[in-house]
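**Q** Listed here are the chains, written in short residue letters.
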Amino acid sequence: MKKICFLTALLLIFVLVPTGCSLGKKEVKEVGTLKFVANGEDFAREGFISKDNWRISFDHVYVNLADITGYQANPPYDAYGGGEIKSSSKVSLDKIYTMDIAQGEGPSVVGKVENAPVGHYNAISWSMVKGNGGPAEGNVLVLIGDAKKENKTINFSIKFDQELLIKAGEFIGDERKGIVQRGKEAELEMTFHLDHIFGDIETPADDDLNLGSLGFEPFANIAENGQLDVDNQGLKTKLSNSDYEKLSDLLYSLPHVGEGHCYVEKIRG
Amino acid sequence: MKRIIILALFLVILVSPIIAYAHGAKIEYNANMSYELVAKYDSGEPMANAQIIVYAPDDLANPWTKGLADENGRYIFSPDFSKKGIWAIQARYGGHGANINIEIGEEASLAGSTGYTWIQKLIMAASVVWGMIGTALFYTRRKN
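Note that the protein sequences, when read in sequence, are chains A and B. If you count the first sequence from 1, position 211 lands on 211 in the working numbering, and the numbers rise without skipping. If you count the second sequence from 1, position 85 lands on 1085 in the working numbering, and the numbers rise without skipping.
Hints are not guaranteed to be accurate.
Unchecked claim - Below are the DSSO-like pairs computed for lysine-lysine, each with C-alpha atoms no more than 30 Å apart in a straight line:
id: 1; chain 1: A; residue 1: K246; chain 2: B; residue 2: K1083
id: 2; chain 1: B; residue 1: K1084; chain 2: A; residue 2: K90
id: 3; chain 1: B; residue 1: K1040; chain 2: A; residue 2: K266
id: 4; chain 1: B; residue 1: K1084; chain 2: A; residue 2: K29
id: 5; chain 1: B; residue 1: K1083; chain 2: A; residue 2: K29
id: 6; chain 1: B; residue 1: K1083; chain 2: A; residue 2: K86
id: 7; chain 1: A; residue 1: K184; chain 2: B; residue 2: K1083
id: 8; chain 1: A; residue 1: K86; chain 2: B; residue 2: K1084
id: 9; chain 1: A; residue 1: K86; chain 2: B; residue 2: K1040
Derived by calculation from the structure, the hints in this document are not laboratory data.
With the hints as extra help, turn the sequences into a complete structure.
**A** This is the structure:
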């Protein structure tokens, strides 16, 4: 009996001591900073000429962003296939952000996560939601500016309120993004291609972008006395059915990750 | 006469390899597996002359190679198969871009996990120690 007690005690020492050491050891977590930015590119910041020759300049391009999450996706996310993003690690921003992507000289910083585990954040998701306050309250996207053609000028304020959920894989652009290293900062970008709505005179007329875009003429046609202040319901009423449907579809092609396409679905309210 | 025959045979033996190898040829081979990629727009049109950027799994930030697709959007590359993991290939042209990931090597190398939780390790350790105790008890049992 004495021997059994002794051996059992020995067992406990063998098992518990290493376990205790293991539990007591602080796991060193390597972290860096992941910065999220929103980018309307030069189209939003400097303006451009639409496919139908309207010179468009933006004073403001407000977009309401929420549920912004970066993922170390494994397997890499395929935006064409859609579905859930499976990841080994993810970090997110938890507020609604109203960004004016027409301002500044480059992408606008939305927020930072300062304790992001190191690794490659090769996928991102976010929502475009109706803001609860601020200049884009009740809307998802607000375009404010003017369009000029020949001797005509139209001041516009165009508002969209369809909420969208966006999921995307890796950023495609001049550099690879989302690689967080210990103590360093990396960024992920939510890009918005306004030329998809209006077309771009600098792109060939038979390019998919121009063939699929609406141009500015349909908006000019519903302006009154050089003013166009319209929300989603107004667009639905005033535009032709085909133009409104086209515009609704184009909103899905607005979000990108650099040049990479996204999986976009409606959020039903 | 016998000597002449032996000498003739010797000569034939000496010369015949020379004759045999004078027009010899050989083929060597290396298994260089390549990937042929075709970049297309959503419309199905080829992404002619697209810029191709290839990232190997051991250097995420810097391209392993760059190149151009042909007029049919076609690009062929031979990865270094010793670099196991996910290779990312991007195609870009005129503001449009696409990305594809190709996995090379064993899936296990991608998981990056040792495979056992601390509970599993604890049970394994306990089993080993209890086995030792059992053995000790067996040898120290009372003899009848």
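**Q** Of the numbered hints stated previously, which ones are contradicted by the structure, given in increasing order?
**A** 1
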